[in-house]
Amino acid sequence: MSPRLAQVHLRYRPASDVLSGDVELGTLAADQSVTDTLDADTYFEWRHSTVADGLVLSSFQILHAAARLDGPPLSMLPAEVLVLARQVIASGTAALRPEATMIERLKAKADTTALLTVDQLLQSSAGAVATAPLPPTPAEQSQAGALAAAIDQVASVIARLPEPVEATRTNELVHLAHELAAVLRETPGTTSPGTSAAARRAARYALPLDTSSRSMLWRALTEVDDRRHWQSALVRFNSLAADLDRQRVDTLRARVRGTKSPLDDCPSADQHTDDDSDD
Amino acid sequence: MSSSRRHTESPARTVSARTVSARTVSTDPTALWTAGVMRAVARQLRRRPDADDVAMRVVLAVLEQPAARLHQIMARYPDPVAYARMVARHALIDHDRCERVQQCRGARLFRRIDGTIEPGRTWHYGDASVQSGGESMFDLWAADEAPLDDLVADRLDAVGVLQRVLDGLDADERTLLHRIDGLDHRVSDIARERGVARETLSKKVSSTRLRVQTNRRAVENGGMVAKYATRPARLAAAGAAHVARRR
Chain A
0 MSPRLAQVHL RYRPASDVLS GDVELGTLAA DQSVTDTLDA DTYFEWRHST VADGLVLSSF
60 QILHAAARLD GPPLSMLPAE VLVLARQVIA SGTAALRPEA TMIERLKAKA DTTALLTVDQ
120 LLQSSAGAVA TAPLPPTPAE QSQAGALAAA IDQVASVIAR LPEPVEATRT NELVHLAHEL
180 AAVLRETPGT TSPGTSAAAR RAARYALPLD TSSRSMLWRA LTEVDDRRHW QSALVRFNSL
240 AADLDRQRVD TLRARVRGTK SPLDDCPSAD QHTDDDSDD
Chain B
0 MSSSRRHTES PARTVSARTV SARTVSTDPT ALWTAGVMRA VARQLRRRPD ADDVAMRVVL
60 AVLEQPAARL HQIMARYPDP VAYARMVARH ALIDHDRCER VQQCRGARLF RRIDGTIEPG
120 RTWHYGDASV QSGGESMFDL WAADEAPLDD LVADRLDAVG VLQRVLDGLD ADERTLLHRI
180 DGLDHRVSDI ARERGVARET LSKKVSSTRL RVQTNRRAVE NGGMVAKYAT RPARLAAAGA
240 AHVARRR
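Respectively, the protein sequence lines represent chains A and B. According to numbering that gives the first Met the number 0, the residues represented by the first sequence are 0 to 278, in order. According to numbering that gives the first Met the number 0, the residues represented by the second sequence are 0 to 246, in order.
Read the hints as simulated data drawn from the structure, not as lab findings.
Negatives, chain A to chain B, calculated, CB over 10 Å:
id : residue
1  : LEU27
2  : GLN140
3  : PRO161
4  : TRP217
5  : ALA240
6  : ARG252
7  : ARG256
Which residues of chain B face chain A? A few of them, derived with a C-beta cut under 10 Å, are:
id : residue
8  : ASP27
9  : PRO28
10 : TRP32
11 : MET37
12 : ARG38
13 : ALA39
14 : ALA41
15 : PRO48
16 : ALA50
17 : ASP52
18 : MET55
Covered, in the sense of this in silico footprint (three residues per stretch, anywhere, with C-beta under 8 Å from a C-beta of chain B), are these stretches of chain A:
id : region
19 : 7–19
20 : 31–42
21 : 53–67
22 : 102–114
23 : 172–178
By construction, the Cβ of each residue, glycine as well, lies at the ideal position given by its N, Cα and C atoms.
Could you put the whole structure together from the sequences, leaning on the hints where they help?
Below, the structure written as structure tokens:
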């Protein structure tokens, strides 16, 4: 019996953290395709296999792939492809030289090609269960706008906080939070788990946030991935924005007076390493 | 299991989120903004397998701008998603055009008689008879839309119409259309070469094309071709109108 192999190409761009892949199926699958867009950050295309029973992966794209695949595995992605994806992300990241210019970093790309059997590319039962979400209700659509505004507000407040450590992570978090807000605003009712995972990862590092604010931000960024929890996330983001703004004012006042401020007690980069789990 | 694997980069290794993030994150706001644009374009065009290549094209086009212009763009579009939404469509057209040129299929698209759009141009080649008799080469290979005689007659008619339509254009307009539609030069390149704004040249091309269409209809209906009014002619006409109004 022939091995029924298909060539899988994976491509990863570390600067934008975008992973895309396509499979040369040839006659192993029918022309008609089925697409899955579970959220704003993933896209999967499947074809009906002509040699096996079920849908076989044809192409995919994952945004914020490193952050996304660092957590629990995507149920849609076949296990063998997931292994390849992690490898290409690792090699793409390792190939980035610290002294590379911005253009070099943006152009950096890692490729992998592998031969997998059709069985290894079949949609898993878990993936089949994860069907497209229901269309958003009008209430959810209006909630998306409010949520986006609240996230923008938190990002703006964080950007204005007096920075006791280095600004790298803060800049990254602020950009990611604005991106998350923009995606929610642009496609109301769609979640963006990749952007929120990347924001959570940025929030793990040194930021001018105390422990409770950091933990609240973490929880809100987790809740934003599920439309059922948007109301709770909205409350958290609004509350966080108010808290952080108050802390900012207190810190500035304390600095003028020469006393110790709440934000001066923030943990440094070294203190926030691996003890912050991904929940 | 997989029968073979090939990696173009270093072999696989376990890289923690910390290492990945530390290597890829930049403090530069431009780098963060451009990465955001790349993701937004890729998100917008995600149905295409080469979405990340188009995204790269967008970002490189932005980074090719002088620093002042780049900062101007970033100030005008602080949200990379908004910027991506604006430029993605044109970047996609540019990308497809380049791909077609690289594949020697012609940069532009034309509409076939059955309504489908294909790259390339509508060419009718000379005929050659088949030595062993039967249909001519043209009928065999190219004339799938109409009989050869009709195509030749149509072609001659079209050449006659084109000649009369072109009489209505001045030399510069003819050169402009030839470069853009015949040689696939870009409007922005010609504008840069002439030292005029792209929008100005684009307007001129549009008005010329409009006149070509109007003239074509006029010729087909047996009417007269509207000629390009030169500046002295326009001034003379304006002067005559002014004198007539005063009288």
